[in-house]
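Trainee: Start from the sequences and build out the full structure, keeping to the hints where you can.
Residue numbers (this note's numbering), protein chains in the order written: chain B, 1 to 250; chain Z, 1 to 212.
Take the hints with a grain of salt, since some may be wrong.
[Claimed, not checked] What follows is a set of in silico ranges between Cβ atoms, one per label pair, in the way DEER data are often shown:
1. Z:ALA89 x B:LYS186: 15 to 25 Å
2. Z:PRO28 x B:ARG118: 56 to 66 Å
3. Z:GLY141 x B:ALA249: 48 to 58 Å
[To be verified] Each computed SDA-like pair below joins lysine to any residue, with the alpha-carbon atoms no more than 25 Å apart:
4. Z:LYS30 x B:ALA153
5. Z:LYS78 x B:ALA228
6. Z:LYS78 x B:ASN95
7. Z:LYS30 x B:GLY46
8. Z:LYS78 x Z:GLY22
9. Z:LYS30 x B:ALA61
10. Z:LYS34 x B:ARG25
11. B:LYS186 x B:ASN140
12. Z:LYS34 x B:LEU72
13. Z:LYS34 x B:ALA153
14. Z:LYS30 x B:LYS186
15. Z:LYS78 x B:LEU63
16. B:LYS186 x B:ALA61
17. Z:LYS30 x B:LEU72
18. Z:LYS30 x B:ALA228
Since the hints were made in silico from the structure, they are not lab data.
Just so we're clear, the structure is a prediction, and the values are computed from it rather than from any experiment.
Where is the CB? At the ideal position from N, CA and C, for every residue including glycine.
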Amino acid sequence: MKRARIAHDGRIVWTEAIENGTALRLPDGETIAAADAIFLPPVTPGATIFALGLNYASHRAELGFKAKEPPLVFLKGPNTLVGHRGTTPRPADGNQMHPECELVAIIGTPARRVPAERALSYVAGYTIACDYAIREYLENYYRPNLRVKNRDATTPLGPFVVDAADFGDPQNLQIATRVNGQVVQKGTTADMVQSVADLIAYLSEFMTLMPGDMILTGTPEGVHFCAAGDSVECEIEGIGMLENRLVAAP
Amino acid sequence: MIAGTVYGVVLNDHDERGKLAGAFSEPPYKAPPKAPVLYIKPRNTLGVSGAPVVLSADLAEVEAAATLGLLFGRDAAKCDTASALAHVAAACLALDVSEPQANYYRPAVRQRCRDGFLPLGGFTPFYPALPVGEIVTDIDGAEAHRWPLSRLARDAATLIAEISDFMTLAAGDLLLIGLPHDAPRVTAGQRVRVTCQSLAALESHFVREDAL
Numbered sequence: 001m002k003r004a005r006i007a008h009d010g011r012i013v014w015t016e017a018i019e020n021g022t023a024l025r026l027p028d029g030e031t032i033a034a035a036d037a038i039f040l041p042p043v044t045p046g047a048t049i050f051a052l053g054l055n056y057a058s059h060r061a062e063l064g065f066k067a068k069e070p071p072l073v074f075l076k077g078p079n080t081l082v083g084h085r086g087t088t089p090r091p092a093d094g095n096q097m098h099p100e101c102e103l104v105a106i107i108g109t110p111a112r113r114v115p116a117e118r119a120l121s122y123v124a125g126y127t128i129a130c131d132y133a134i135r136e137y138l139e140n141y142y143r144p145n146l147r148v149k150n151r152d153a154t155t156p157l158g159p160f161v162v163d164a165a166d167f168g169d170p171q172n173l174q175i176a177t178r179v180n181g182q183v184v185q186k187g188t189t190a191d192m193v194q195s196v197a198d199l200i201a202y203l204s205e206f207m208t209l210m211p212g213d214m215i216l217t218g219t220p221e222g223v224h225f226c227a228a229g230d231s232v233e234c235e236i237e238g239i240g241m242l243e244n245r246l247v248a249a250p
Numbered sequence: 001m002i003a004g005t006v007y008g009v010v011l012n013d014h015d016e017r018g019k020l021a022g023a024f025s026e027p028p029y030k031a032p033p034k035a036p037v038l039y040i041k042p043r044n045t046l047g048v049s050g051a052p053v054v055l056s057a058d059l060a061e062v063e064a065a066a067t068l069g070l071l072f073g074r075d076a077a078k079c080d081t082a083s084a085l086a087h088v089a090a091a092c093l094a095l096d097v098s099e100p101q102a103n104y105y106r107p108a109v110r111q112r113c114r115d116g117f118l119p120l121g122g123f124t125p126f127y128p129a130l131p132v133g134e135i136v137t138d139i140d141g142a143e144a145h146r147w148p149l150s151r152l153a154r155d156a157a158t159l160i161a162e163i164s165d166f167m168t169l170a171a172g173d174l175l176l177i178g179l180p181h182d183a184p185r186v187t188a189g190q191r192v193r194v195t196c197q198s199l200a201a202l203e204s205h206f207v208r209e210d211a212l
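Mentor: Here it is, written out as structure tokens:
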């Protein structure tokens with residue numbers, strides 16, 4: 001099943017995507033066209049949001065990192081999220097702002113000290129994130145620092161959550177970003193340094209992962225700086241396409 | 001008890017910044033910090049006064065940094081210092097527990113985000129003149145640490161203004177306003193009590209995981 005979280009008639013509802021994602025079935029059975037829906041980030045309120053830096057071999061090389069180290073994990077607040085077809089503000093001095101298409105694993109079962117071999121059975125589903133970075137704001141303290149990675153509405157998420165039960169191997173998916181139709185990132189989740197299962201094992205070794213918690217698993221190579229007005233599409237095989245537009249920050 | 005996100009700030013202790021002034025210009029930092037250096041304490045870390053803090057076998061001792069938490073009553077976005085504190089609805093004491101780590105280069109998720117590593121005291125209504133001069137930490141009944149909030153490099157209003165310049169501190173979020181660099185270390189079997197004038201006291205006892 002593919003699900004989407006939308007705003008409808010003054011409240012938030014989870015819907016089921018039908019007819020190839022072109023229509024959404026509401027909890028009361030009513031059906032609406034996906035084109036008319038107001039998509040919200042498919043997140044459980046309160047969820048912990050983990051993100052990974054430097055988790056694709058190609059992107060590590062591109063940025064000049066070599067040795068394998070412990071996973072570079074950071075956390076994000078819900079203020080960063082914005083739904084499918086939403087907008088992301090681009091600051092006037094953010095000339096090095098670039099999109100990062102990422103596979104997101106959503107936890108379904110409390111996980112503590114789960115070995116990698118069993119870790120995928122703790123995943124409820126998968127979605128797509130575009131974890132924008134603005135390199136001008138990088139500082140070498142708790143890097144990537146929150147001024148880079150925790151800005152409002154800089155992490156488009158969605159549109160759909162695909163149930164893990166309907167999903168094959170998460171480590172063999174094509175992943176791509178297009179800016180104004182031009183491909184700027186193209187890779188495969190097979191290139192992750194730490195797989196989804198490895199990451200669940202790593203995190204759950206020292207803390208409890210709870211249902212709804214999300215892991216943004218990092219991005220492949222392709223640093224492309226964007227301008228206000230750019231249309232950005234992030235696509236992952238088997239999940240769908242997440243659309244976003246950059247607007248000039250006031 | 002906390003519906004929003006808990007944000008904390010490191011390197012906001014004036015004494016610590018003085019000690020590290022030389023290191024700030026060396027690798028890996030290369031330049032002193034400009035923006036406030038923030039971290040997030042996720043929901044699994046939240047605990048309440050009176051509950052045990054559980055230490056797993058790999059932790060011989062932990063740092064127990066007492067601080068003040070400010071709970072937002074309304075969203076603070078791009079606010080100035082004059083209006084910053086008007087967004088705060090309540091205050092509490094917090095004990096930010098972490099595995100000791102001297103390095104600030106990478107986010108300290110493993111060190112700071114273990115289950116139960118943020119016990120909170122009860123909330124008191126906040127008003128700008130709330131007296132919060134010194135936070136005192138007792139361990140096993142004896143005073144172990146005391147720090148005046150005059151040590152903060154950025155006071156609460158300045159912090160809120162500078163953070164809200166690039167992200168919204170939302171209603172329901174909690175901001176921990178800084179950690180003392182000389183926070184005491186505790187180990188399993190010890191009891192910690194944090195007090196600060198009229199704020200509700202916070203008590204935690206530390207236990208070894210295999211003792212549960």
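Trainee: State for each hint whether it applies.
Mentor: Against the structure, the hints come out as follows:
no., hint, result
1, Z:ALA89 x B:LYS186: 15 to 25 Å, "48 Å, violated"
2, Z:PRO28 x B:ARG118: 56 to 66 Å, "36 Å, violated"
3, Z:GLY141 x B:ALA249: 48 to 58 Å, "53 Å, holds"
4, Z:LYS30 x B:ALA153, "30 Å, violated"
5, Z:LYS78 x B:ALA228, "21 Å, holds"
6, Z:LYS78 x B:ASN95, "21 Å, holds"
7, Z:LYS30 x B:GLY46, "36 Å, violated"
8, Z:LYS78 x Z:GLY22, "32 Å, violated"
9, Z:LYS30 x B:ALA61, "22 Å, holds"
10, Z:LYS34 x B:ARG25, "49 Å, violated"
11, B:LYS186 x B:ASN140, "28 Å, violated"
12, Z:LYS34 x B:LEU72, "22 Å, holds"
13, Z:LYS34 x B:ALA153, "23 Å, holds"
14, Z:LYS30 x B:LYS186, "33 Å, violated"
15, Z:LYS78 x B:LEU63, "32 Å, violated"
16, B:LYS186 x B:ALA61, "15 Å, holds"
17, Z:LYS30 x B:LEU72, "20 Å, holds"
18, Z:LYS30 x B:ALA228, "31 Å, violated"
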